[in-house]
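S.K.: From just these sequences and the hints, can you work out the full model?
The sequence shown runs 1 to 418 under the numbering used here.
For the record, the hints were derived by calculation from the structure and aren't laboratory data. Just so you know, not all the hints are guaranteed correct.
To be verified - Cut-off 30 Å, straight-line C-alpha distance, at most; resulting in silico cross-link-like pairs (DSS-like, lysine-lysine):
#1 K153 / K192
#2 K116 / K89
#3 K192 / K252
#4 K153 / K89
#5 K153 / K186
Since the structure is predicted, the reported quantities are computational estimates derived from the model, not experimental observations.
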Amino acid sequence: MNFPTLIATTISPAADPSARCSRFLWQILPFVIAIPIATAGCANFNSSLNYASDEAQIAPAAPVLVEIGLGLPEETLPEVEVELNERAKPWYELARESRVARQAGDYEEAREALSKASVQLASRPADNAQRRTVHSATARLAMSLATSEQIEKANEVAEEVLAEAEADPLVGGPATVELAYYLAQKRTLEAKESGIPDSQLSLLRIALLVSEHEAASNERLMLAYEISQVASREGDHDLARRAIDRAVLDTKTLDPLGLSQLATLKITKMRIALAQGDLATAEATGAAANRLLDEFDAPAGIRAIGEATIAHVIAERGDTERARAIALSARSRLGGDPPVGNHGTLIVLGELARLERAAGDLDAARRLYAEALDLPGVDSDLDIDLVGELTQELAVLREEEKADVISAAPDATIQPTP
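M.R.: What follows is the structure in structure tokens.
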């Protein structure tokens, strides 16, 4: 006997109405479970059987959250409804609203919408496309604020964007690079005008690290080369090396037959590696640069710079004889036709002076430094920086010479008579 049959035989037709109702409910129970509106149906059924007087058996209607007040005063409920509706907006609607607001010049509304979208996406990986989209939109907002002279607000938004990119460069994109570079240039100019030195390497580092995850381009190549120069002047040789390596790779990708540009970049890399003390890399890179210069019959100026620099490297490695032989070739190119300009001559004489200093001939080094600093026509930032560097090196050299003279002088102290 199955279960429904058992129910049917144990409850007689003469049973009271409640028993008949119970029997009926047992028979339709599988259907009640399957139908979502069973509660309402059962309530109607009880009402039709005159059970309305028993209020304990009637299920109350499901409460509506806003209708019961959330425990808040009635006058605050419209504000709660608005907040709940805004929270329900997905990130892409917020991003669209921010774009419309930014184009209309309503930067506060744009910032608020992007902030909410960013919160929604914060748990996603840095390279997630949606998170990167919102990050880039925020970077563009910072640029809009900066170009509209809302500097304080621009800096606030930019700090948020750049801090996120610094923590994980994968989140950034071209808009992040543009923002970091723009602020670096702007603040450098302001520092020059105020006469207070202010390094912007932190911003340039972010620009480089973010740009590394994009495809090779001429814009990135020029950015990397510029960062290598700034970092070298400020003594951050690790950043300079990373930047110049990126520039070399991009040149090979974009213009593999551009031997002149590649040779120039390799000479720059040789000088950076030398400043790092990585003499093996410096010599290997210098040799590769000189081979490239031979391939396209390079002008005398760049040939002289390449030879003078590698001569300095070889002198640092202790092979003075070979270094001086290469230095003679570099020196002979300075008087070629057309003659090497003052900037190139300044670089060559500086490297030759360093060669002699490494070789221990301080007098020859001093003469070469003085010859370099006597050149006229210093007319660019690069020349000014190089002149300052050579002037400082000459001053140190003269102090060393004075110390040698004092240490070599006979002891003039009067000794007591025994």
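S.K.: Go through the numbered hints given earlier and state which of them the structure violates, listing their numbers in rising order.
M.R.: 3
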